[in-house]
Structure formats: C-alpha cells, structure tokens
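A.B. asks: Residue-level listing of the chains:
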Amino acid sequence: KNQVEQSPQSLIILEGKNCTLQCNYTVSPFSNLRWYKQDTGRGPVSLTIMTFSENTKSNGRYTATLDADTKQSSLHITASQLSDSASYICVVIDLYNTDKLIFGTGTRLQVFP
Amino acid sequence: DGGITQSPKYLFRKEGQNVTLSCEQNLNHDAMYWYRQDPGQGLRLIYYSQIVNDFQKGDIAEGYSVSREKKESFPLTVTSAQKNPTAFYLCASSISAVINEQFFGPGTRLTVL
Numbered sequence: 001k002n003q004v005e006q007s008p009q010s011l012i013i014l015e016g017k018n019c020t021l022q023c024n025y026t027v028s029p030f031s032n033l034r035w036y037k038q039d040t041g042r043g044p045v046s047l048t049i050m051t052f053s054e055n056t057k058s059n060g061r062y063t064a065t066l067d068a069d070t071k072q073s074s075l076h077i078t079a080s081q082l083s084d085s086a087s088y089i090c091v092v093i094d095l096y097n098t099d100k101l102i103f104g105t106g107t108r109l110q111v112f113p
Numbered sequence: 001d002g003g004i005t006q007s008p009k010y011l012f013r014k015e016g017q018n019v020t021l022s023c024e025q026n027l028n029h030d031a032m033y034w035y036r037q038d039p040g041q042g043l044r045l046i047y048y049s050q051i052v053n054d055f056q057k058g059d060i061a062e063g064y065s066v067s068r069e070k071k072e073s074f075p076l077t078v079t080s081a082q083k084n085p086t087a088f089y090l091c092a093s094s095i096s097a098v099i100n101e102q103f104f105g106p107g108t109r110l111t112v113l
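Here the protein sequences line up with chains A and B, keeping their order. If you're matching positions, the first sequence starts at 1 in this note's numbering and goes up one per residue. If you're matching positions, the second sequence starts at 1 in this note's numbering and goes up one per residue.
Pulled out of the complex, with its shape left as it was, chain A reads as follows:
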C-alpha cells in the first residue's frame, strides 16, 4: 500500500477556476511534506515545503495546507491559468529516514480555455 495517496488521479477545470488537490499519507512521524509541479516531459519543481508544525504555506496562487492530526494535505490553486496544466506530486519525508523521499503518484491537472 502506498504511504502517500493522492486524489483525484486527474482533474479538468476551466481557466480562471479554483481547484483543490488532496494528499493523504501514513508516514509517521514525518519531517516535512512537499508539493511539486511537474510539466509533461520535465523534472518536478518544488512549490511548497511544510514542516509538521506548519498549517499553511503559500507560493503565489498556490496554497498548501497540512493537518498533521488527520495526516492530510491539500494544494489549492486559485484563478487557474493554462500554464497550471501539469502533474502535482505530494512528497513526504520520514523523520527517521530523511535521505529518502516518499512520492505520491500525482494528480494530473488540465486547464482548458
């Protein structure tokens, strides 16, 4: 069973709309949780990094939230743009094994005009 589960697997929205992506994890205790954006055929790029004590972190139109009690994180995208079309990957770092990242399978977002 994956230690990091993401939903939905894919999502289609219209330009200008908001959306929220979900990440549930079982890794415990964890050091930090990250969201990456990966354009098709490119390497992932970091959007946000949150430690277990942080509840929210923003990066422009991207806002990540973290509930360490329920082991859930979400990534909210505001006023979507065509360039937001990409895969969004949730990554968790095990506190006792920080040299390895645990990756979710990602959510594929498509933004249409």
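Quick caveat, the hints were computed from the structure, so don't treat them as lab data. There is no bait here: all hints are sound.
A few chain A positions that, by computed beta-carbon distances, are all more than 12 Å from chain B:
hint	residue
1	14
2	62
3	83
4	85
5	112
Taking lysine-lysine pairs in the DSS-like style, the calculated list, with each CA pair at most 25 Å apart, reads:
hint	chain 1	residue 1	chain 2	residue 2
6	A	100	B	71
7	B	70	A	100
8	B	71	B	57
9	B	57	A	100
10	B	14	B	83
Quick reminder that beta carbons are idealized off the backbone N, C-alpha and C, glycines included.
Starting from the known structure of chain A, arrange chain B on it as the hints suggest.
C.D. replies: Relative to the frame of chain A, chain B by itself:
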C-alpha cells in the same frame, strides 16, 4: 547558468545493450539521486550518493549501476539485466542527505526497442 542537467533528452537502444545516462550539477551539492518514473506510479529511487566515491542502492537498484568519481557527476548505467528499462529517468541533487531539498534535472526518456 546554475542547475542540474541530464543528457540526452531522448535515448533509443536495442534490447540487450547497456546504456549510460548523464547527470551533471554545478550547484556544489553533496548528494545526488537517480529515480525512475513510470505512468501511474510515483517516482522510485534507483541509487543515491551522499558523497563522492560512495553510493547506496535505492528501492529498485537491480539492473542498474552508478559511479560517483566527481562531486558534480553521477552517471547511471542501465544494463541488459534490467527487465523493463523503458521509462523516464530523473536525476536530482541536494545540499546534503540531511538537508534533503532535492532539485531535479529535466529527465531522460529511454526507449528500448
């Protein structure tokens, strides 16, 4: 221009041939990583190196080999022993395995015919 580079972007090989993927970084990072990405799966760790002349197997090391003779270089060889080598390969680096904020290269798509 600082960053992490991978070459080539696309690579085609015949079944049974070994092939080496290049990964170079000029970020002065100690740690480097190789991942494999397949459709519908999270990134999986092949090998990682925390320091020059040292490397460790990741979760799916069988059929792969690496070397770390220089700090800035971490080539990956896909051998004929790898049963399903066709995939997207990503290289990453971080300041250290402890401060493990990884920066990814653009990736190499390997297709074995």
